[in-house]
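**Q** Listed here are the chains, written in short residue letters.
Number of protein chains: 4
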Amino acid sequence: MHMNRTIILVAGGDLRYGYTAQALAANDAYEVWAAGIPKKFLPDERIHLVESAADGLPMCDVLLLPMPVSEDGVLVNAPFSRRHLPLQGFIPKVREGGLVLGGKFGKAQAVFQQAGLETVDYLAREELSMRNAVPTAEGAVQIMLEEMPRTIFGSRVLLLGFGRIGARMAMLLKAFGAQVTVAARDPAARAGAEMLGCRSIPFTALQEAALQADVICNTVPAKIITESVLKAIQQETLVLDLASKPGGVDWDAAQELGRQVVWALSLPGKTAPVTAGEIIAVTVAHILEERRTAHGET
Amino acid sequence: MHMNRTIILVAGGDLRYGYTAQALAANDAYEVWAAGIPKKFLPDERIHLVESAADGLPMCDVLLLPMPVSEDGVLVNAPFSRRHLPLQGFIPKVREGGLVLGGKFGKAQAVFQQAGLETVDYLAREELSMRNAVPTAEGAVQIMLEEMPRTIFGSRVLLLGFGRIGARMAMLLKAFGAQVTVAARDPAARAGAEMLGCRSIPFTALQEAALQADVICNTVPAKIITESVLKAIQQETLVLDLASKPGGVDWDAAQELGRQVVWALSLPGKTAPVTAGEIIAVTVAHILEERRTAHGET
Amino acid sequence: MHMNRTIILVAGGDLRYGYTAQALAANDAYEVWAAGIPKKFLPDERIHLVESAADGLPMCDVLLLPMPVSEDGVLVNAPFSRRHLPLQGFIPKVREGGLVLGGKFGKAQAVFQQAGLETVDYLAREELSMRNAVPTAEGAVQIMLEEMPRTIFGSRVLLLGFGRIGARMAMLLKAFGAQVTVAARDPAARAGAEMLGCRSIPFTALQEAALQADVICNTVPAKIITESVLKAIQQETLVLDLASKPGGVDWDAAQELGRQVVWALSLPGKTAPVTAGEIIAVTVAHILEERRTAHGET
Amino acid sequence: MHMNRTIILVAGGDLRYGYTAQALAANDAYEVWAAGIPKKFLPDERIHLVESAADGLPMCDVLLLPMPVSEDGVLVNAPFSRRHLPLQGFIPKVREGGLVLGGKFGKAQAVFQQAGLETVDYLAREELSMRNAVPTAEGAVQIMLEEMPRTIFGSRVLLLGFGRIGARMAMLLKAFGAQVTVAARDPAARAGAEMLGCRSIPFTALQEAALQADVICNTVPAKIITESVLKAIQQETLVLDLASKPGGVDWDAAQELGRQVVWALSLPGKTAPVTAGEIIAVTVAHILEERRTAHGET
Chain A
2 MHMNRTIILV
12 AGGDLRYGYT
22 AQALAANDAY
32 EVWAAGIPKK
42 FLPDERIHLV
52 ESAADGLPMC
62 DVLLLPMPVS
72 EDGVLVNAPF
82 SRRHLPLQGF
92 IPKVREGGLV
102 LGGKFGKAQA
112 VFQQAGLETV
122 DYLAREELSM
132 RNAVPTAEGA
142 VQIMLEEMPR
152 TIFGSRVLLL
162 GFGRIGARMA
172 MLLKAFGAQV
182 TVAARDPAAR
192 AGAEMLGCRS
202 IPFTALQEAA
212 LQADVICNTV
222 PAKIITESVL
232 KAIQQETLVL
242 DLASKPGGVD
252 WDAAQELGRQ
262 VVWALSLPGK
272 TAPVTAGEII
282 AVTVAHILEE
292 RRTAHGET
Chain B
2 MHMNRTIILV
12 AGGDLRYGYT
22 AQALAANDAY
32 EVWAAGIPKK
42 FLPDERIHLV
52 ESAADGLPMC
62 DVLLLPMPVS
72 EDGVLVNAPF
82 SRRHLPLQGF
92 IPKVREGGLV
102 LGGKFGKAQA
112 VFQQAGLETV
122 DYLAREELSM
132 RNAVPTAEGA
142 VQIMLEEMPR
152 TIFGSRVLLL
162 GFGRIGARMA
172 MLLKAFGAQV
182 TVAARDPAAR
192 AGAEMLGCRS
202 IPFTALQEAA
212 LQADVICNTV
222 PAKIITESVL
232 KAIQQETLVL
242 DLASKPGGVD
252 WDAAQELGRQ
262 VVWALSLPGK
272 TAPVTAGEII
282 AVTVAHILEE
292 RRTAHGET
Chain C
2 MHMNRTIILV
12 AGGDLRYGYT
22 AQALAANDAY
32 EVWAAGIPKK
42 FLPDERIHLV
52 ESAADGLPMC
62 DVLLLPMPVS
72 EDGVLVNAPF
82 SRRHLPLQGF
92 IPKVREGGLV
102 LGGKFGKAQA
112 VFQQAGLETV
122 DYLAREELSM
132 RNAVPTAEGA
142 VQIMLEEMPR
152 TIFGSRVLLL
162 GFGRIGARMA
172 MLLKAFGAQV
182 TVAARDPAAR
192 AGAEMLGCRS
202 IPFTALQEAA
212 LQADVICNTV
222 PAKIITESVL
232 KAIQQETLVL
242 DLASKPGGVD
252 WDAAQELGRQ
262 VVWALSLPGK
272 TAPVTAGEII
282 AVTVAHILEE
292 RRTAHGET
Chain D
2 MHMNRTIILV
12 AGGDLRYGYT
22 AQALAANDAY
32 EVWAAGIPKK
42 FLPDERIHLV
52 ESAADGLPMC
62 DVLLLPMPVS
72 EDGVLVNAPF
82 SRRHLPLQGF
92 IPKVREGGLV
102 LGGKFGKAQA
112 VFQQAGLETV
122 DYLAREELSM
132 RNAVPTAEGA
142 VQIMLEEMPR
152 TIFGSRVLLL
162 GFGRIGARMA
172 MLLKAFGAQV
182 TVAARDPAAR
192 AGAEMLGCRS
202 IPFTALQEAA
212 LQADVICNTV
222 PAKIITESVL
232 KAIQQETLVL
242 DLASKPGGVD
252 WDAAQELGRQ
262 VVWALSLPGK
272 TAPVTAGEII
282 AVTVAHILEE
292 RRTAHGET
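Chains as they are written, first to last, in our numbering: chain A, 2 to 299; chain B, 2 to 299; chain C, 2 to 299; chain D, 2 to 299.
In case anyone wonders, no lab produced these hints; they're calculated from the structure.
One copy or two, either will do: identical chains are not told apart, so a pair holds if it fits within one copy or between any two.
The list that follows gives simulated cross-link-like pairs (lysine to any residue, SDA-like), each with its CA atoms no further than 20 Å apart:
no., residue 1, residue 2
1, K40, E237
2, K40, Q236
3, K271, P150
4, K40, P150
5, K175, R157
6, K41, Q236
7, K271, E237
8, K175, G155
9, K108, L76
10, K271, P80
11, K41, P150
Computed from a predicted structure; not experimentally measured.
With the hints as extra help, turn the sequences into a complete structure.
**A** Listed below in structure tokens is the structure:
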């Protein structure tokens, strides 16, 4: 038994947060409680389940909330909970100096600030975005394998953007043996793509490259797959959009032209909920470790 | 226009053979005719379509038949043809000294032999099996991505067998970042697996390794995933069987124990029909080139 | 013949700048002159050679100077030139509005500023650092192959730092089949290392990891391989320091302890001068293209 | 302490066999003696050293001889031994039913056969050749890095042959980012090369491909780099011959034409003696395990 275990309360969230709770509970340094997550998502016997903040919770060191924290700034985002979980209800259960972690606080931010509690947004951690590139890229590869009538090996892929997700996709697609062209604005990003064996182009050469592609995969959150690009590409070309709303494809044009477009959002939670949950857990653990080290409690 | 184009008749077969015909027709050295394949599978205008051997076919240099050539030794295996295509009907259309190519002749062999025609089984070509390992491995990866609740990255994969398919899978899975253990009988195969960064074990250590696996993928055509292995593995472990009939899994035991087993047969044609058709075409082209070279017609 | 060729004068520099001049001359858009580079380094007949600024030079659009531009702020750094090349001498040869490119200007900066000429440091371009990671990592691999009595396959490598060079090395070493541990401060960098299949540690765990290493490769410009680390490692462990002066190794301690340390500086120019020269050329070309585009001369 | 340890006597050999003895001694199942190997090559205290067969050796289960076993059929090949080690002298020290292992027995074979001792050539084990492809390919990469004035990244490499060594080289060179063309006779080998992302050609296209190469690396033991090939290639092209005697290069022509040829033989022992020794040890261990299993002594 660990002497001073950190008490973490996971409140609300979807399936992923069950896996987050389990991954945290596997670490002997944490005592994990969960509210508003069904028992079937939490087979781990080390986790203490409650239905609401009123149900015999101890004082917690950390309150871990989902992404987004709340839709309305009043209730915790808890799609699988049988009861409403007001944000306010958890405040008395967090000890003085305790920490509230969440993914995009929005209006909920003010609630905790007024109560004098520190909030940290784990979505803002670069490492979380890095790690999430893995399930996102795997989800995108899955869609390509499902939708294309040919192997990725030998296919001509046009990848738009070369951030974390673009780089991970380039690496996977090259391992499959695809011919990958990367369009990126930044010359350093293009150099990085070339170093992985990809051809690289600036966005000004996009339309010409699009003509030659079996699949176009967009990771840039800007309308770059315009009507004129969609008109230019071949009928069989698969367009895969990974960019968050409003996405990179002119949807009206795509529909009118009958182009084959797949808009794939929030892939980590959909294709690999266990891993997505574990990624949140490892990020949370790092946040807590850094604070302990900073406070000299090594 | 090529002076002496080789006339190839593609008769019967599924969707793949449409792509085979198209890939052959893209080579100016070949004049391609097709019988018993619907027009919609053959958009290429260079291909001459007929419905049967009676429909104005020229004398052919090569008759290309599907795999298997025939179910009953009487009719060409032509699932999409509107008419029956008797094997006998094509014999008068192959010139003396011409060649009959097919995948597994079975009883059909005798029909052509009696007519004095040479037959070659393209399925027996090592290069075809090599190339088919690509779509097979991609299809297997697709199933893993679909069925597993976690990323391939970080997953523990137990791969049974290290032939062409096993080696291709090992390479892909390592690129994804999986922890791959390969079970193989031959010490040289195990050395090959280790050279790709995999752990290797003999089959005697199979059961113990199975306990630790998130997914077990079999490529060995022998019942090695026995009842005792199935009993030992965890409930969540995915079992993927790529071995041809009768496969490597004890199915009765698997059903009784409620294990999650996917039996994936003939993946190339299912997951990548275009590539599968092209692979047949490239193999056929190599067979024809080698014969031309051997006959001094370089 | 290109209508309005950009006239580039390459002045001074080592062997690399010969290759830079040749790579630029291969582009029809550029007319290339060279000063202070021996004929034998410039076999390309398209390049116009002069010995000094006085020798019949046309007015130039671009003056390309080496890295560093000058040791003393007076003369161009031109180790192979038979004559002194004063910086001042080139000023009248650059047209009004022309551009002076160099790698680290130092005191030379003022000389050109006073003359009203714009200077750009190509060493500050992220893409140049990116591309230089390739020859640096190859040079480091070469040293490992030369110095180690075992294969990189199976070796335990401890890599300090995960910037451009660290990431390239990790990728290469994993391809060889090494067991790579990456020490990095930033959790996102550690996540990136793990995504390549490396184990990752914070610097606090450095000493323990060093004990297990066959080779330690440093890319961090800070004294992190201290006396206590050097004492802890095994006699046979190779220490390879890629960090620029003052480097990452306590040299006095290393010598006293008889540790096997290789300090590898400026690897691109040493191990791959052709590529190093081409990298400068491609960076220069990008700088010129961007300016042309910005000025609306697409 | 292991109950029935197998007593192995390592007699003669170069530096590698010191590492072989040490790797065997690390396995508790073996008691290792060494004859004719200097103490400085055998720091491991578990190894019992003798200078000749007369020096207090116990009866051995296994006599492990070097490659080649003997130059003259009389003495063990023992370049570092201070005394002559006659083959005959070891025969009384091998127990009845014991095993004599060696690499290429030649005339020595008869000596042991007449004494009724079974001999096994470990060089004939496929797994040894497989594993040796790793140090051979690393040694070849080292030579390329040393000899070429450019990075392997982006270089055009022509690889002749696609056996174990060719395949390993192709994999490494692709990881570096080279443009690799593989020449191979067998269409299945060419398919294998394409699956790694290489271009493939038959040997009939060799001369044309040689013109485009920055480096030509031969692994085929046949004179395929003929005078006409050597005449065709560029002056700067590096030719690297890994094929065992008589090699694949027309040496007279190469010298006359002043071509840059490196003939690299026996790379494993030269570039990675530790690994080369360990590879012999693991192969020997597998031979012994298989015999134990076959004899029912699991």
